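Kindly generate the complete structure, drawing on both the sequences and the hints.
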Amino acid sequence: MIHNQTIIKERPAPSSAVGPVAWLRTNLFNGPVNTLFTLIGLYILYLLVVPTVQWAFINADWVGSTRDDCSREGACWVFINARFTQFIYGLYPRSEIWRANIVFAGFFTLIAWLAIPRLPFKRWVAVFALVGFPVIAYVLLHGGYFDLPRVSTHRWGGLMLTLLLATVGMVGALPIGIVLALGRRSNMPIVKSFCVVFIEFWRGVPLITVLFMASVMLPLFLPSEMSVDRLVRALIGLTLFQSAYMAEVIRGGLQAIPKGQEEAAAALGMTYWKRMGLIVLPQALKMMIPGIVNTFISLFKDTTLVMIIGLFDLLGIVQAALSDSRWLGFSLEGYVFAAFMFWVFCFSMSRYSQYLERKLHTGHKR
Amino acid sequence: MTTATNISDTSTSDLMVEMRGVNKWYGDFHVLRDIDLEVRRGERIVICGPSGSGKSTLIRCINHLEEHQQGDIVVGGIPLTQDVKRIEQIRRSVGMVFQHFNLFPHLTVLENCCIAPMWVQKKSRKEAEEQAMRYLERVRIAEQAKKYPGQLSGGQQQRVAIARSLCMHPDVMLFDEPTSALDPEMIKEVLDVMVELAKEGMTMLCVTHEMGFAKTVADRVIFMDQGQIIEENAPEPFFNNPQSERTQLFLSQILGH
Ligand SMILES: Nc1ncnc2c1ncn2[C@@H]1O[C@H](COP(=O)(O)OP(=O)(O)OP(=O)(O)O)[C@@H](O)[C@H]1O
Ligand SMILES: [Mg+2]
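Here the protein sequences come in this chain order: A and B. My numbering puts the first sequence at residues 7 to 372. My numbering puts the second sequence at residues 180 to 436.
Just so you know, the hints here were simulated from the structure itself, not pulled from any lab data. Heads up, some of the hints might be wrong.
What the hints assert, rightly or not - Here's a subset of chain B near chain A, in silico, CB distances under 10 Å, partners left out:
1) L194
2) F208
3) L244
4) V273
5) H279
6) H285
7) L286
8) S344
As the list claims (entries may be wrong) - The calculated lysine to aspartate or glutamate pairs, modelled on EDC-like cross-linking and capped at a C-alpha distance of 20 Å, are:
9) K292(A) - E290(B)
10) K280(A) - E267(B)
11) K265(A) - E245(B)
12) K326(B) - E290(B)
13) K280(A) - E415(B)
14) K280(A) - D371(B)
15) K367(B) - E379(B)
16) K378(B) - E415(B)
17) K264(B) - E269(A)
18) K265(A) - D350(B)
19) K264(B) - E254(A)
20) K394(B) - E379(B)
21) K378(B) - D404(B)
22) K326(B) - E308(B)
23) K292(A) - E254(A)
Since we're looking at a predicted model, the values are computed, not measured. No residue lacks a Cβ here, since even glycine has one placed at the ideal position from N, Cα and C.
In structure tokens form, the structure reads like this:
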């Protein structure tokens with residue numbers, strides 16, 4: 007120990023006080039108590055990280071096709087490999103997977119195009135993403151047109167279904183949430199009470215109940231010849247549920263905009279919708295980005311609940327694969343994989359929102 | 180109602196703003212009591228009075244930012260009713276400048292001046308921008324057109340707010356204490372712009388305690404207290420020979436040191 011200290015002392019002083027050694031000194035080893043905590047922390051980290059890395063990487067098996075290819079000392083990623091197609095596309099017919107791939111490619115291209123600031127024609131791409139792309143995606147995925155064989159929605163699943171539920175939920179919940187939030191602030195008593203009742207109803211009910219009602223109870227009330235697809239019902243339930251939360255987030259943002267903004271817009275002769283659309287909402291939505299993304303992230307994770315009405319989203323299909331008799335005993339690998347996929351998407355959303363906040367902030371400092 | 184002198188003897192077609200027996204309450208609180216006011220085209224009117232006397236409420240009733248409960252208001256020949264279309268029509272011809280500027284912080288100075296001409300008057304972007312630059316030059320701030328309001332000083336922001344209003348070619352301009360949120364050294368730059376506007380013949384109603392401004396440009400000074408118009412006169416007799424005791428007291432308080 008003493009020897010170590012002398013070595014540190016004999017080193018030339020770092021050229022600036024922000025060198026790594028100086029950083030360690032000031033942040034981790036300043037004083038005996040902090041040093042103790044740092045050492046304990048490092049030890050706990052060591053206890054956690056080393057076995058995890060050994061399990062997930064060093065002792066893991068990556069290649070093969072059956073469980074016999076796994077040594078069972080570490081993770082058996084062979085299981086994920088063997089089931090990968092199913093985890094991504096659900097029970098979508100193998101021969102038709104190219105259709106899903108086109109939709110995936112289009113989806114990620116559009117998102118990247120809208121997210122990367124340098125790319126041009128943002129407005130037209132956004133219009134296409136909201137109007138043209140959903141139609142194309144539906145025609146491709148569902149089929150039944152242009153000689154494409156029909157693939158009924160109960161065969162859709164995996165990551166594809168998760169992304170579909172989350173995207174439709176987000177794209178639907180934002181505008182409905184905005185309308186509900188505006189309605190709740192309206193002076194018109196009927197509009198206002200409708201919005202209040204709507205928001206409070208959906209916020210007071212657990213999502214599981216909503217999905218259950220959508221899948222089990224709704225058909226009881228509808229005439230039997232009017233059967234609505236189970237996926238569509240789940241989408242409607244999910245969207246309405248999230249729009250109630252979105253409405254409350256946006257209402258918070260609207261309240262933070264000073265009254266003078268709307269008055270100035272009104273004094274210029276703008277109609278209600280112009281005052282909201284041009285002046286109040288752009289400011290409120292910018293301020294609300296963290297809250298909105300937070301709602302999106304929770305929606306993304308809530309999509310897993312569709313499992314209970316028999317839809318196989320990413321988590322659902324992983325869980326189904328775990329009960330396959332050829333692959334018994336690999337639930338840890340399955341859950342780690344599912345968790346990792348969810349984490350990648352949620353973390354990306356969170357980072358993008360932080361980036362947006364920074365970017366929009368410099369745009370108009372007060 | 181004790182109107183000291185009655186100088187409104189013009190034909191009605193010349194009236195820009197007409198208020199008859201206007202009353203307004205906030206709950207039980209009677210903010211405006213039997214307001215009668217006529218403003219002719221090209222007239223410059225300064226409204227003063229103690230805090231809470233209802234000055235802001237009065238001018239905000241003219242473009243229906245506040246709603247009056249009794250009496251008639253006619254602006255540019257259009258009677259002010261509940262009808263939203265009509266209110267918007269009136270607002271398009273009535274400019275307003277606020278104490279706290281109320282510029283749109285998410286838009287640049289130029290966009291602040293273009294947004295209403297483009298979206299309300301349906302002007303093309305090019306036309307709106309050219310016009311905005313002309314008005315920004317007039318208020319001597321054209322070089323800041325690309326900045327955001329948050330990057331300007333208070334005086335600069337208020338001049339932008341005046342330009343923003345002018346871009347709608349209003350027939351009347353309402354000013355609600357346009358200089359009272361400003362540091363003393365910035366008051367003059369805003370008042371200068373307002374004096375120029377007055378010289379060009381703009382009809383103006385201005386709530387202000389800048390008595391120098393009142394003396395140089397006002398045709399009439401109105402004194403309000405407790406929701407009533409107490410006294411109304413040309414600036415010279417108003418300041419030199421106030422009739423009511425309350426006016427005398429008020430003037431001695433703001434001029435007497
Ligand atoms: N929304 C409101 N609800 C209740 N009372 C109000 C409201 N707005 C204004 N008042 C009251 O009405 C009275 C007149 O207000 P107003 O803002 O017109 O006064 P003012 O003459 O402009 O005063 P100041 O010089 O302080 O601006 C004040 O006593 C104020 O407290
Ligand atoms: Mg006031």
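Structure-based check of all given hints:
1. L194: L194(B) check fails; min Cβ-Cβ to chain A is 21 Å, beyond 10 Å.
2. F208: Result: violated, 19 Å to nearest chain A Cβ.
3. L244: For L244(B), the interface hint holds, since the closest Cβ of chain A sits about 6 Å away, which is under 10 Å.
4. V273: holds (7 Å)
5. H279: This interface hint holds because 6 Å falls under the 10 Å limit.
6. H285: H285(B) check passes; min Cβ-Cβ to chain A is 5 Å, inside 10 Å.
7. L286: Holds, about 8 Å.
8. S344: holds (8 Å)
9. K292(A) - E290(B): With a Cα-Cα distance of about 18 Å, the restraint between K292(A) and E290(B) holds, given a limit of 20 Å.
10. K280(A) - E267(B): holds (12 Å)
11. K265(A) - E245(B): holds (13 Å)
12. K326(B) - E290(B): holds (10 Å)
13. K280(A) - E415(B): Not satisfied, since the Cα-Cα distance of roughly 45 Å exceeds 20 Å.
14. K280(A) - D371(B): violated (33 Å)
15. K367(B) - E379(B): holds (18 Å)
16. K378(B) - E415(B): With Cα atoms ~18 Å apart, K378(B) and E415(B) stay inside 20 Å; holds.
17. K264(B) - E269(A): holds (16 Å)
18. K265(A) - D350(B): violated (25 Å)
19. K264(B) - E254(A): violated (30 Å)
20. K394(B) - E379(B): holds (17 Å)
21. K378(B) - D404(B): Since the Cα atoms of K378(B) and D404(B) sit roughly 29 Å apart, the hinted pair is violated (cutoff 20 Å).
22. K326(B) - E308(B): Between K326(B) and E308(B) the Cα gap is close to 15 Å, so the pair holds against 20 Å.
23. K292(A) - E254(A): Distance of about 15 Å is within 20 Å: holds.
Hints 1, 2, 13, 14, 18, 19 and 21, counting from the list given before, are not met by this structure.
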